[in-house]
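Q: Starting from the structure of chain P, add chain Z where the hints point.
Spelled out from the first residue to the last, the chains are:
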Amino acid sequence: MKVLSKIYVALVFIFLYAPIAVLIMFSFNSSSSTSVFSGFSLQWYKSILADTATLISFRNTIILAVASSVLATVLGTAAAVGIDKFKKGPFRSAVLATTNIPMMNPEIVTGVSLMLIFVFIGKLLSIESVLGFGTLLIAHVTFNLPYVILTVLPKLRQTDKNLSEAAQDLGCKPFSAFFRVVLPSIMPGIVTGMIMAFTLSLDDFIISYFSGGPGFRTLPIAIFSMTKKRVKPDMYALSALIFVGILILLILYNIAQQKSEKSEKKR
Amino acid sequence: MNTRDSLRTKLVASPYIVWSLLFILAPMVFVVYYSFTTGAGDFTFDNIRLLSKYLTTFLRSIWFGIVATVICLLIAFPVAYIISQKTDKVQRTMVLLVMVPMWMSFLIRTYSWMAILQDTGIINNFFARVGLRPVHMINTSGAVILGMVYNFLPYMIMPIYSVMAKMDMSMIEAAQDLGGNRLTVIRKCVLPMSVPGIVSGVTMVFVPSVSTFYISQKLGGGSFDLIGDVIERQFQQSYNYNLGASLSLVLMVLILICMAVMNRFSSDGGEMVI
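Going down the list, the protein sequences come from chains P and Z. Per numbering that gives the first Met the number 0, the first sequence starts with residue 0, numbered consecutively. Per numbering that gives the first Met the number 0, the second sequence starts with residue 0, numbered consecutively.
If we strip away everything but chain P, and leave its shape as in the complex, we get (with noise of 0.2 angstroms):
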């Protein structure tokens, strides 16, 4: 039985990688071919990190992640240090579950929506072509927010009520006691929130599709058109070179997470 549940753990995690390891060997093809290899070669990571198209929606994708995270994560904490304060009722629950729609529907749905909206916006105010930037940073605030929202709200439901009326008492003002007591202690929520934010918006296509235009086009956008035709190895190479970053994250982020773990056993 044991060695039965080893074999079926390592075959499901051959078919999660099996795609994974087939790209980054086709990487290093010396031919245009991605189904027979013909020999190694660094000529697909030279070509990629020369063609300028693709290092800039490199770069847009970084601001697009950056920009949405930073403020959905601002938007999203504020609104649940709001929402932990209403009052259970109709007006509560509809907070929240208008909240749960971008989680709850088809990414292709959100994304059509928003676009609907956009266009209309963009005829009213009679803006030629409205989808760029502005309308990417709006989609993916937009279901960045959710993921914030629910992070954040269970940090705050723990906090002591009472530690924020002590400090009021001991003579701090609301605001500093909110940035002084109850900040620090859902900060890991916050954190997590973010970084959730971050990831989606590094990695969405479906939704920014149908809600950005050619003025500002992200990674995934980029290597949307270039499926449609043919893929020759020098996109493997660009998805072998985020691989590798992404594994180094997660390794340093895995190796402070044991360091912090291990000092607070300490204590």
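Be aware that a few hints might be false.
In silico DSSO-like links for lysine-lysine, alpha-carbon gap of 30 angstroms or less [unchecked claim]:
(1) LYS88/Z to LYS9/Z
(2) LYS87/P to LYS9/Z
(3) LYS86/P to LYS9/Z
Listed below are several chain Z residues computed to face chain P (Cβ distance under 7 angstroms; list not exhaustive) [said to hold, decoys possible]:
(4) LYS9
(5) ALA12
(6) PHE22
(7) ALA25
(8) TYR33
(9) PHE35
(10) GLY38
(11) ALA39
(12) ARG48
(13) TYR53
(14) LEU54
(15) THR56
(16) TRP102
(17) MET103
(18) LEU106
Since the hints were derived computationally from the structure, they do not count as laboratory data. C-beta: ideal position from N, C-alpha, C; glycine also.
A: Coordinates of chain Z only, in the frame set by chain P:
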């Protein structure tokens, strides 16, 4: 805290409330509005009437979605259980291994499957070398479903695992002590306790599977149109926003119905299989 302060705190949520009205609720209203109007803005039922043409597409999407979800569940449940039985350190590594593929663009991973499954692809090249006959795999319904299972499997493993990780191990030990064999313990004890994880896993796989358009285009070669493909074409190629909106509206309603059915099942609790 006095009431004025608490009112002031509540007001902090107002920017978000304005935002959600503008960019969550208003877009939904627009979908409904476009579904029932012509391009010129006159009221019409034509878009809804046209939907009957897409009945097979809808049925195919739902069927593929169900098959992919069931396969994901069958694969994921044992994986989640096996992971949850490991030591903390091994658990953390394995969870990471499940999540890492999701960090890579799903477009490029799906494309990579194309290179694997093609008639002159990696598997068939291998078959040719060892003297087997080539197997036609790409552009079949199986390939599309494989793409769905591949892309969304982690969404099934993660929620089931996180429920199982919190499970009270003494319950399982008690069941074993009372003479239950392995399978009985899993069926009578582990399965009922992991229902919440299964429910969220099923929705997290079913919704993106039903509404996908990239997977079916790449691995189905255009011969297995799904509802997402039709919607995508209305917005990016034929620019018939009104028909596209009505298709989206129906998709949304369909998914709501499916989830309501799911929730009924899960609130019945315990003895549910799938």
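Q: Hint by hint, note whether the structure agrees.
A: Against the structure, the hints:
As the CA atoms of LYS88/Z and LYS9/Z are separated by approximately 42 angstroms, the hinted pair breaks the 30 angstroms bound. For the given pair, LYS87/P sits about 13 angstroms from LYS9/Z by alpha-carbon distance, which is consistent with the 30 angstroms threshold. Distance check on the hinted pair: LYS86/P and LYS9/Z sit about 10 angstroms apart at the alpha-carbon level, within 30 angstroms; holds. With a least beta-carbon distance of about 5 angstroms to chain P, the hint placing LYS9/Z at the interface is held under the 7 angstroms criterion.
Proximity of ALA12/Z to chain P holds as hinted, the smallest CB-CB distance being about 2 angstroms (cut-off 7 angstroms). The interface hint given for PHE22/Z holds, since its Cβ lies 5 angstroms from the closest Cβ of chain P, which is under the 7 angstroms cut-off. Below 7 angstroms, beta-carbon pairs count as interface contacts, and ALA25/Z has one with chain P at about 6 angstroms; its hint therefore holds. Interface hint at TYR33/Z: satisfied, since its Cβ lies 6 angstroms from the closest Cβ of chain P, which is below the 7 angstroms cut-off.
The closest approach between the C-beta of PHE35/Z and any C-beta of chain P is roughly 13 angstroms, which is over the 7 angstroms cut-off, so the hint fails. The restraint placing GLY38/Z at the interface with chain P is violated, with a minimum CB-CB distance near 12 angstroms, outside the 7 angstroms limit. Annotation: interface hint on ALA39/Z violated; nearest CB of chain P at approximately 13 angstroms, more than 7 angstroms. Checking ARG48/Z against chain P by beta carbon gives a least distance of about 20 angstroms; that is not within 7 angstroms, so the hint is violated.
A distance limit of 7 angstroms between C-beta atoms decides the matter here; for TYR53/Z the minimum to chain P is near 15 angstroms, and the interface restraint is violated. Nearest Cβ of chain P to the Cβ of LEU54/Z: about 19 angstroms, over the 7 angstroms cut. The hint is violated. Violation of the interface hint for THR56/Z is found here, the shortest Cβ-Cβ separation to chain P being roughly 14 angstroms, above the 7 angstroms cut-off. Given the 7 angstroms rule on beta carbons, the hint for TRP102/Z holds: about 5 angstroms separates it from the nearest Cβ of chain P.
The interface hint given for MET103/Z holds, since its Cβ lies 5 angstroms from the closest Cβ of chain P, which is under the 7 angstroms cut-off. For LEU106/Z, the suggested interface contact is upheld, since its CB lies about 5 angstroms from the closest CB of chain P, less than 7 angstroms.
Hints 1, 9, 10, 11, 12, 13, 14 and 15 from the list above are not met by this structure, while the remaining hints are.
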